[in-house]
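Visitor: Sequences listed follow chains A and B, in order.
Numbering that gives the first Met the number 0 numbers the first residue of the first sequence as 0 and each following residue consecutively.
Numbering that gives the first Met the number 0 numbers the first residue of the second sequence as 0 and each following residue consecutively.
Source of the hints: derived by calculation from the structure; they are not laboratory data.
Fair warning: there could be bad hints in the mix.
Claimed, not checked - Listed below are the simulated DSSO-like cross-link pairs for lysine-lysine, each with C-alpha atoms no more than 27 Å apart in a straight line:
| # | chain 1 | residue 1 | chain 2 | residue 2 |
| --- | --- | --- | --- | --- |
| 1 | B | K55 | A | K341 |
| 2 | A | K380 | A | K313 |
| 3 | B | K39 | A | K366 |
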Amino acid sequence: MLKGKGVSRGIGFGNIIVLKTEERNIEKKIMPAEKMEEELKKFNDALKSAIDETETQLQNISGKEAEIMEAYLMIMKDPSLVVETENAIKNLNYNAEYAVEVGFNSVIQVFENMDDEYMASRARDILDIKNKILGKLLNEETANISNLEPNTIIVTKELTTSETAKLNFKNVSGIITEIGGTNSHTSIMARTHSIPAITRVENATKIFRNGDSVAIDGMLGEIYLNPTEEEKQKLLVLKEQIQKETNELEQYRNMESKTKDGFKVELVANIGVPADVELALKNTAEGIGLLRSEFLYMDSETMPTEESQFDAYKKVAESLNGKNVIIRTLDIGGDKELKYLKLEKEANPFLGYRAIRLCLDNLKIFKTQLRAILRASNFGKLSIMFPMISSIEELRDAKNILEECKRELESENIPYDKNIKVGIMIEIPSAALISYKLAKECDFFSIGTNDLIQYTVAVERGNEKISKLYSKFHPAVIKLIKEAIDGAHSQNKFCGMCGEAAGDELYIPLLIGLGLDEFSMNSNNILKARKVVNNLCKKDCEQLSERILDMASAEEVENELKKFVNN
Amino acid sequence: MKTEIIKLQNETGLHARPASKLAKLAATFKSNVKLNVNGKSVDAKSILAIMSAGIKTNTQIEIQCDGEDEEEALKEIVKAFNDNFDE
Numbered sequence: 000m001l002k003g004k005g006v007s008r009g010i011g012f013g014n015i016i017v018l019k020t021e022e023r024n025i026e027k028k029i030m031p032a033e034k035m036e037e038e039l040k041k042f043n044d045a046l047k048s049a050i051d052e053t054e055t056q057l058q059n060i061s062g063k064e065a066e067i068m069e070a071y072l073m074i075m076k077d078p079s080l081v082v083e084t085e086n087a088i089k090n091l092n093y094n095a096e097y098a099v100e101v102g103f104n105s106v107i108q109v110f111e112n113m114d115d116e117y118m119a120s121r122a123r124d125i126l127d128i129k130n131k132i133l134g135k136l137l138n139e140e141t142a143n144i145s146n147l148e149p150n151t152i153i154v155t156k157e158l159t160t161s162e163t164a165k166l167n168f169k170n171v172s173g174i175i176t177e178i179g180g181t182n183s184h185t186s187i188m189a190r191t192h193s194i195p196a197i198t199r200v201e202n203a204t205k206i207f208r209n210g211d212s213v214a215i216d217g218m219l220g221e222i223y224l225n226p227t228e229e230e231k232q233k234l235l236v237l238k239e240q241i242q243k244e245t246n247e248l249e250q251y252r253n254m255e256s257k258t259k260d261g262f263k264v265e266l267v268a269n270i271g272v273p274a275d276v277e278l279a280l281k282n283t284a285e286g287i288g289l290l291r292s293e294f295l296y297m298d299s300e301t302m303p304t305e306e307s308q309f310d311a312y313k314k315v316a317e318s319l320n321g322k323n324v325i326i327r328t329l330d331i332g333g334d335k336e337l338k339y340l341k342l343e344k345e346a347n348p349f350l351g352y353r354a355i356r357l358c359l360d361n362l363k364i365f366k367t368q369l370r371a372i373l374r375a376s377n378f379g380k381l382s383i384m385f386p387m388i389s390s391i392e393e394l395r396d397a398k399n400i401l402e403e404c405k406r407e408l409e410s411e412n413i414p415y416d417k418n419i420k421v422g423i424m425i426e427i428p429s430a431a432l433i434s435y436k437l438a439k440e441c442d443f444f445s446i447g448t449n450d451l452i453q454y455t456v457a458v459e460r461g462n463e464k465i466s467k468l469y470s471k472f473h474p475a476v477i478k479l480i481k482e483a484i485d486g487a488h489s490q491n492k493f494c495g496m497c498g499e500a501a502g503d504e505l506y507i508p509l510l511i512g513l514g515l516d517e518f519s520m521n522s523n524n525i526l527k528a529r530k531v532v533n534n535l536c537k538k539d540c541e542q543l544s545e546r547i548l549d550m551a552s553a554e555e556v557e558n559e560l561k562k563f564v565n566n
Numbered sequence: 000m001k002t003e004i005i006k007l008q009n010e011t012g013l014h015a016r017p018a019s020k021l022a023k024l025a026a027t028f029k030s031n032v033k034l035n036v037n038g039k040s041v042d043a044k045s046i047l048a049i050m051s052a053g054i055k056t057n058t059q060i061e062i063q064c065d066g067e068d069e070e071e072a073l074k075e076i077v078k079a080f081n082d083n084f085d086e
């Protein structure tokens, strides 16, 4: 069995098709002079067919993506791109393939040697064009992915945007890639289309061969090459179980999220990139409880401009069609780095210079984002949420900057939603303990359990050695959650939760008992959570939470919750 | 021949998107259009030439138009720079 990172849930059986990215071996030949015209024609035909292909692809996309593709196309059409290649054919009598190799490499080198990181990375675009042309010259068969056999499992280094656009999803029963994380293009697309997918399988394109029979588990990230009858049977049972669960949850699609005794809550989605909106809506999310804005910064070679952020937020606001979208301002620093923002290494990154602390110290970055969110708020219902608030001063400072941005927009006559709500993450114990005061000066809370647990029990999330101590069932964590909810309610403000605990069926009854108003989770958990909520009684949950608040250990709490759920 | 000196405002320099817009615009004129920058002269009708000049924000650029529609060409191109290529 091989293991990778499971990024899209589900079981897939099928036969492999490997999308090639093999290294080519370009032979250098000196052609007789009379062949020169022929080689020149070969090259120009290959170039033209690459250009035609790109033009066709361009018709299927729009917006910024199309503008980038258009720039790419212009590079392909630029006469200076091919000067060196044509010279190599005409003057050195090279064969077309080798002329492309040397001609394009000289252009690539110009870009690679630039001291500007963005420009240097444009070398990749030229390399891409070179590979396209060589593919044409060498008559390489590119797998026809628009016409796949049923039950195909795709293996590739990484799916590109243009490949995805051509893909016929009906016949794809799984995707395996060598690189990419949870938020890579492939992963998002796979989740949206409910195709099991596994990333980070080293050397996948070398290990697998076309036609190999495999079975994959997209949740655990497990791949069985030539599965035994026993393995097949095991996965088949799992597949049926998942299918049965999915069918059963269908009935909750158009239901309200409320308990049997009428307590209504909101079930909303956490998303990492705008493309995940589709999945959230498909799973009937009642809004977006957490839009992590980091994608704009991580995917970019430079600090994202106000315009590019505005475009992204506006798109999300519009596609939610009036439902609330909570945008968390930049939560970066410490463990999450940006190439273009040089930060000092810290001994304790989780206790260091990050999130709101970094933003309040880099007003240009902060204001650019706030202005973009404010401008986009004119196109839907957006809320702003500040991460890592530990004191009232930080909230006040952040709000002052926001007011400054509002005044600027007013003087520039740019419209924004004047009633835009401002909230904070409760993820540091100090914030939970002064929640009554914080609630007076903001509109809502969202409890980030992942960090709240880490800061409460002093256990770093990623440290395996002490992972046993990291528990959402720790009575102290539950007390802090209660403080946050009670603090918000004392000022008639709403309190949500966007940590993993909010989507945990075991934990939901406790949260209902404590009075949580909004549950923000991965889109795939929403229907299941609605089922849980709709089968609960608020009264029972309140009694449960009272019993739990009196407990001393995480183990007791967990057992009590299990007992409650199994009854 | 007409020239005018401007300063590049685009925060991220003259990268692919603005460069493509500039090259496209320059190509609509009959005049030769050159950017004189950092001691080099760059053909503004070639996206590759513009990009490989690696022009960063706040750089001074002399725009030079030479030909029958040089006046209009200069006016339009200066305007595009001042509008930051709608970035």
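Visitor: All hints are to be evaluated individually against the structure, with a verdict given for each.
Guide: Hints, verified against the model:
Distance check on the hinted pair: K55 (chain B) and K341 (chain A) sit about 19 Å apart at the alpha-carbon level, within 27 Å; holds. Under the criterion of a C-alpha separation no larger than 27 Å, the hint pairing K380 (chain A) with K313 (chain A) is consistent with the structure, at around 10 Å. The hinted pair formed by K39 (chain B) and K366 (chain A) fails the criterion: a straight-line CA distance of about 36 Å is larger than 27 Å.
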